Amino acid sequence: MNISKSDKIKLAQRIAWIAAGFALIMAVLLIANFAQTKLNKPIDNKTIPELVKRLSENPGDETLKTEIRAFDLMARKAYFTSQWQIRTGIYLMFFGVIISILAIRYILAAKSKLNEIDSVEKVNELDKLVAQKWVIYVGSGLIVIALGSGFLASNSLKDYMVNENIAVQEEKPVETAVDPAIQEQASTPVDQAASVAVPTTTENVAPSNVPAETTDAAVVPAVAVAAKPAGLPTQAELKANYPFFRGPQGDGVAFQKNTPTDWNGAGGKNVIWKVKIPKAGFSSPIIWGNQLFVTGADAQSRVVYCYDKTSGKLLWEAAADNIEGSPAKMPKVTADTGLAAPTMATDGRSVFAIFATGDVIALDMTGKRLWARNLGVPDNHYGHGSSLIVYKDKLLIQYDTNKSGKLIALDAQTGTTAWETARNSKISWSSPILVNTGSRTEVILTTNPNVNGYDPQTGKELWNIACLSGEVGPSAGYADGMVFAANEYAKLVGIKIGGGTPEIVWEADEFLPEVSSPMAVNGLLFIATTYGVLACYDAKTGTKNWSQEYGDAFYSSPVYADGKVYITDMTGKTHIVKASKDYQLIGTPELGEKAVCSPVFQDGRVYLRGMNNLYCLGK
295 MNISKSDKIK
305 LAQRIAWIAA
315 GFALIMAVLL
325 IANFAQTKLN
335 KPIDNKTIPE
345 LVKRLSENPG
355 DETLKTEIRA
365 FDLMARKAYF
375 TSQWQIRTGI
385 YLMFFGVIIS
395 ILAIRYILAA
405 KSKLNEIDSV
415 EKVNELDKLV
425 AQKWVIYVGS
435 GLIVIALGSG
445 FLASNSLKDY
455 MVNENIAVQE
465 EKPVETAVDP
475 AIQEQASTPV
485 DQAASVAVPT
495 TTENVAPSNV
505 PAETTDAAVV
515 PAVAVAAKPA
525 GLPTQAELKA
535 NYPFFRGPQG
545 DGVAFQKNTP
555 TDWNGAGGKN
565 VIWKVKIPKA
575 GFSSPIIWGN
585 QLFVTGADAQ
595 SRVVYCYDKT
605 SGKLLWEAAA
615 DNIEGSPAKM
625 PKVTADTGLA
635 APTMATDGRS
645 VFAIFATGDV
655 IALDMTGKRL
665 WARNLGVPDN
675 HYGHGSSLIV
685 YKDKLLIQYD
695 TNKSGKLIAL
705 DAQTGTTAWE
715 TARNSKISWS
725 SPILVNTGSR
735 TEVILTTNPN
745 VNGYDPQTGK
755 ELWNIACLSG
765 EVGPSAGYAD
775 GMVFAANEYA
785 KLVGIKIGGG
795 TPEIVWEADE
805 FLPEVSSPMA
815 VNGLLFIATT
825 YGVLACYDAK
835 TGTKNWSQEY
845 GDAFYSSPVY
855 ADGKVYITDM
865 TGKTHIVKAS
875 KDYQLIGTPE
885 LGEKAVCSPV
895 FQDGRVYLRG
905 MNNLYCLGK
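Read in order, the letters of the sequence shown correspond to residues 295 to 913 in this note's numbering.
Hints in this document: simulated from the structure, not taken from any laboratory. Since the model is a prediction, treat every value here as computed from it, not as a measurement. Only true hints are included.
Dumping the calculated PhoX-like pairs for lysine-lysine here, alpha-carbon to alpha-carbon at most 20 Å:
| # | residue 1 | residue 2 |
| --- | --- | --- |
| 1 | Lys563 | Lys913 |
| 2 | Lys888 | Lys867 |
| 3 | Lys688 | Lys700 |
| 4 | Lys785 | Lys834 |
| 5 | Lys720 | Lys697 |
| 6 | Lys867 | Lys563 |
| 7 | Lys551 | Lys872 |
| 8 | Lys754 | Lys720 |
Make a model of the complete structure from these sequences and hints.
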């Protein structure tokens with residue numbers, strides 16, 4: 295059936311009318327929403343401060359604590375619901391306006407072709423209304439007022455939520471003083487909504503061939519924690535502990551002795567303890583003193599866990615929640631990255647964690663929140679994976695996304711931005727490392743296309759060399775004035791720094807990592823690939839010493855400890871070889887479950903995070 299041009303015009307007129315009316319209805323609703331927000335707060339904002347005041351007078355009142363948390367939850371739900379309503383209303387209003395404009399443009403174009411604009415009888419009401427400028431002015435005015443109302447209502451709700459969060463649990467990074475009674479909410483045992491430190495004793499588990507398995511419910515409140523040291527950590531302190539991803543400098547070199555070489559996770563051989571981590575994550579453990587830290591996350595919450603490294607007891611856990619700017623909906627991440635891929639960092643005074651939401655949190659060694667902030671949800675199609683590192687009083691964060699690249703330094707005590715350096719880079723999942731060249735300390739980053747050196751105190755770029763491509767996951771390696779960088783489908787390079795202009799002194803392309811980071815020590819460079827090969831090179835010349843194919847992929851990074859190189863494949867088998875230019879296999883102990891995290895060391899102990907459990911291994 296053929297539809298006449300006149301009928302098409304009439305149909306377009308009806309569509310224009312309906313769409314315009316729909317847009318005006320949305321505009322009126324947005325204005326009404328703003329008026330309602332101004333007249334009626336989502337929750338009376340005087341309620342929580344009054345409850346907090348009462349709690350400060352009676353800090354042991356559990357009923358009051360429960361009431362405060364309930365009001366806070368209601369406020370957050372009201373906030374996110376109102377935000378969704380405003381955003382949806384604006385989108386629908388714009389949709390109506392666009393449809394109406396397109397329909398009117400069609401009408402005018404069709405009439406022009408028929409030469410009807412001046413001659414056709416004015417049978418439609420739309421032409422009459424368009425001819426009346428006041429209709430256009432009123433409609434446009436309503437839409438502008440609606441947009442303004444939506445913006446103001448959003449800001450009003452945002453300000454309201456900020457004030458409520460300050461009242462309940464101080465989270466603005468520039469203000470670190472928190473009401474102790476309310477701060478208890480930051481540190482949460484498994485079976486409670488808020489933790490209160492209770493004196494207790496922790497069980498010392500004797501080494502045994504039978505694992506001491508700790509369940510989720512075995513929670514010990516954090517009390518037996520050493521006093522916070524004064525000043526910045528010394529190099530000796532950093533080397534004695536395991537504060538960052540891949541060790542005290544982030545380069546895969548550990549300084550512990552008597553590290554074990556034989557265990558069996560499934561059979562219990564040389565398993566000192568084993569504990570199931572409540573939430574999933576791919577962050578490797580870090581250690582300071584007798585405390586071990588990991589993160590876990592799911593769509594419901596992001597959590598820091600602190601374990602006693604000797605017994606495996608859960609000392610405390612702290613949720614990264616109620617953070618201003620944190621997304622209500624979790625970003626999309628792939629299964630092999632997840633929401634808790636970055637490894638934490640500590641300076642022995644505080645511990646720091648970052649999640650795929652862009653939330654960064656700082657806690658003291660007892661689990662009390664010091665500050666928290668959101669850096670903006672990273673535009674990352676796999677999920678954020680760059681781990682943290684600390685230099686003196688600064689927390690360093692590599693934040694390379696699809697939108698931009700930057701290196702951020704936050705004041706470790708307050709969370710305020712000390713400096714931020716824009717990077718000419720594409721997205722990456724690598725992590726910063728700290729190196730001492732002899733004349734200065736540099737923080738070195740890898741990405742596509744550059745390897746960069748920065749001053750960690752100021753953020754000034756010291757040098758850059760374009761040599762990488764693709765999606766860069768491996769971090770850099772360093773030893774004896776040489777930086778090593780590699781990526782699959784790119785190349786492996788040795789870059790000489792520390793004297794004059796940095797330059798590439800050798801290249802190779804036979805074995806390239808996709809995820810695992812290079813590690814260099816004692817003139818040797820070790821590379822592990824996702825196709826199951828571990829290769830050893832001469833660090834100065836790039837000459838291959840040997841390569842060994844194991845068959846199973848490596849996502850973890852090789853770590854040197856006590857003259858040995860440890861590398862765990864994805865099946866959970868750790869391949870231990872002598873750090874030598876000749877291949878010498880020492881052992882292949884098995885964890886008994888899949889693993890992608892790198893091993894962590896203390897004297898006589900190795901700690902490994904499997905897909906489900908955390909293990910302490912040794913004799």
